[in-house]
Amino acid sequence: MTPQAISVTEFVAILNETMQFAFPSVVIEGEVSGWKVWQNRYVYFDIKDAKTTLNCFMPVYLVKTPVEDGMDVRVEGSPKLTDKGRFSLTVKSLELTGEGAIRRAFELLKAKLEQEGLFGYERKRALPEYPIRIGLVTAPASAAYADFMKIVNARWGGLTIEVAPVQVQGKVAPDQIVAAINAFNQEARPVDVIVVIRGGGSLEDLQAFNNEAVVRALVASRIPTLVGVGHEVDISLADLVADVRAATPTDAAQRLVRDRRELSQQLEVMSQNLGRALDGVLALRSDQIEATLRQLSQFTERPRRLLEVQSARLAAYPRRFEQQLKLSASQIDQQGKLLHAMNPRGVLSRGYSITRLQGRAIRDLAGVKAGSELVIELHQGIIDSTVTGTRDGNR
Amino acid sequence: MATAKTTTFEFGKKLQELEAITAVLEREDVDLDRGLVQFEAGMKLVAELKAYLAEATNRVEVIKQKYEA
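As they're listed, the protein sequences go chains A and B.
Using the numbering used here, the first residue of the first sequence is number 1, and each one after it goes up by one.
Using the numbering used here, the first residue of the second sequence is number 1, and each one after it goes up by one.
Derived from the structure by calculation, the hints contain no laboratory data.
Note that beta-carbon positions come from the ideal geometry of N, C-alpha and C, so glycine has one too.
Possibly wrong hints are sitting among the right ones.
Said to hold, decoys possible - DEER-style ranges, computed between Cβ atoms: (1) A:Arg123 / B:Ala20: 26 to 34 Å; (2) A:Arg304 / B:Val37: 24 to 32 Å; (3) A:Leu314 / B:Arg27: 48 to 56 Å; (4) A:Ala315 / B:Val37: 54 to 62 Å; (5) B:Glu61 / A:Thr82: 50 to 58 Å; (6) A:Arg123 / B:Ile63: 24 to 32 Å; (7) A:Asn153 / B:Ile63: 14 to 22 Å; (8) A:His231 / B:Glu61: 25 to 33 Å; (9) B:Ala56 / A:His231: 51 to 59 Å.
As the list claims (entries may be wrong) - Here are the computed lysine-lysine pairs in the DSS-like style, where the Cα-Cα straight-line distance is at most 25 Å: (10) B:Lys64 / A:Lys150; (11) A:Lys48 / A:Lys171; (12) B:Lys44 / B:Lys13; (13) A:Lys171 / B:Lys13; (14) A:Lys150 / B:Lys50; (15) A:Lys124 / B:Lys13; (16) A:Lys326 / A:Lys337; (17) A:Lys171 / B:Lys64; (18) A:Lys36 / A:Lys84; (19) B:Lys50 / A:Lys64; (20) B:Lys64 / A:Lys92.
To be verified - Some chain A residues flagged as far from chain B (calculated, every beta-carbon gap over 10 Å): (21) Pro140; (22) Asn153; (23) Phe321.
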């Protein structure tokens, strides 16, 4: 008995249904080869191991990482027989596995972004010195979150921190991180800084932060970004495009806000400066007042000095006057002596006499004859005499 | 319904105001009366800023919305 015949198409359809039932989705790991992008819409490649090779097919927009031949990958897809009888795995997601592949992809993407100038220093914006609203993108149940919050709470207060909970590793992480960054950018009242943090991990664990979409979301953010991923030595592409890079979540907290203890000390100093400045103003004013007083005193100084000079001059007068007096006195004295010498009565004391005829002193015989009466004044006494005769001269 | 604060304390701005006041007082030509007024305003700012540093705490809001692809 011959089995029922079916058409080729029917057979392929049955096979596809059977496979769909058995393997609705399958995850396969292998090596990539023959990677070919067609018209920038589809990718054809082979996935293989040591013994076997399978064709794969996927749309380009689902390729989230640079891929090169030789890379180890993990693909998720469903098996299919094409109408040409060709077996193909329709891939809906592709991940790199193995450090080699991951590092290689990292290098490729890094080179591409660097060429676009996305790592340039001139792109970086400064974070606000005293932010008030923070947008935090992280896994809330993580040690990174706990460390970050502990340091922030110790350092500063008055903040409002909006936490966008996301996965920070695994397949869905990149999409969630992108969505959170975009959401913060679309808020009506935007935050002052977007902080993206995650703790340490393997290269594979940190992959989400080397994802191109995540990097571009950070680049596009209108709000300044602070990224702290992994440990000191881990530098992800997200770190490189951030406005500020923190080495760790703790470092992120320190770069985000200042330390209130430092600010307290600074306030002390400022308060003292203020007091000193006021002292300066007062001192300046008092100096000015003093200077004005001094200037004014100059105006009282001159009259005072004039007075002094005049008093001195006046004080000199009595002496001069005395001298004058002394001079006059001796002059008077001299004159007195002279006068005294010339006093007729003084002559009398030397034996001379004054002879008067009829009341007048005479010095010759005019009017004198015998019988005239003469009065003779001596130094002491007076003689009444009658002339008996006269004679010429005193030979 | 979230109760938003009607006025947010802008620490940075107030610190700048304080620095400006000190700068004014350090100038030679400030009037004494004005200087005293400025000084008082400055000390008031110092008190406000100190109080903020001592008392302000942070508020954390975990966003409920899920971030899907």
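Nearest-CB test (10 Å) between chain B and Asn153 (chain A): violated (6 Å)
Holds or violated: Lys326 (chain A) to Lys337 (chain A), with C-alpha atoms at most 25 Å apart: holds (17 Å)
Distal placement of Pro140 (chain A) relative to chain B, Cβ over 10 Å: Not fine: 6 Å to the nearest Cβ puts Pro140 (chain A) too close to chain B.
Agreement of Lys44 (chain B) and Lys13 (chain B) with the hint, judged by alpha carbon distance not exceeding 25 Å: holds (14 Å)
Lys36 (chain A) paired with Lys84 (chain A) [C-alpha distance capped at 25 Å]: holds (20 Å)
Hinted pair Lys48 (chain A) and Lys171 (chain A), Cα distance within 25 Å: With a Cα-Cα distance of about 22 Å, the restraint between Lys48 (chain A) and Lys171 (chain A) holds, given a limit of 25 Å.
Restraint status (C-alpha distance of Lys64 (chain B) to Lys92 (chain A) at most 25 Å): Distance ~29 Å between Lys64 (chain B) and Lys92 (chain A) Cα, so the pair is violated.
Asn153 (chain A) versus Ile63 (chain B) beta-carbon gap, inside 14 to 22 Å or not: For Asn153 (chain A) and Ile63 (chain B) the Cβ distance comes to about 19 Å; the hint holds.
Supplied distance hint 51 to 59 Å, evaluated on CB atoms of Ala56 (chain B) and His231 (chain A): Given range 51 to 59 Å: violated, Cβ gap about 31 Å.
No chain B beta carbon within 10 Å of Phe321 (chain A)'s: Answer for Phe321 (chain A): holds, closest chain B Cβ roughly 58 Å.
Pairwise beta carbon distance, Glu61 (chain B) to Thr82 (chain A), judged against the given window 50 to 58 Å: About 52 Å separates the Cβ atoms of Glu61 (chain B) and Thr82 (chain A), which means 50 to 58 Å holds.
Distance restraint between Lys64 (chain B) and Lys150 (chain A), which requires alpha-carbon spacing of 25 Å or less: holds (22 Å)
Comparing the model with each numbered hint stated earlier shows that hints 2, 9, 13, 19, 20, 21, 22 do not hold.
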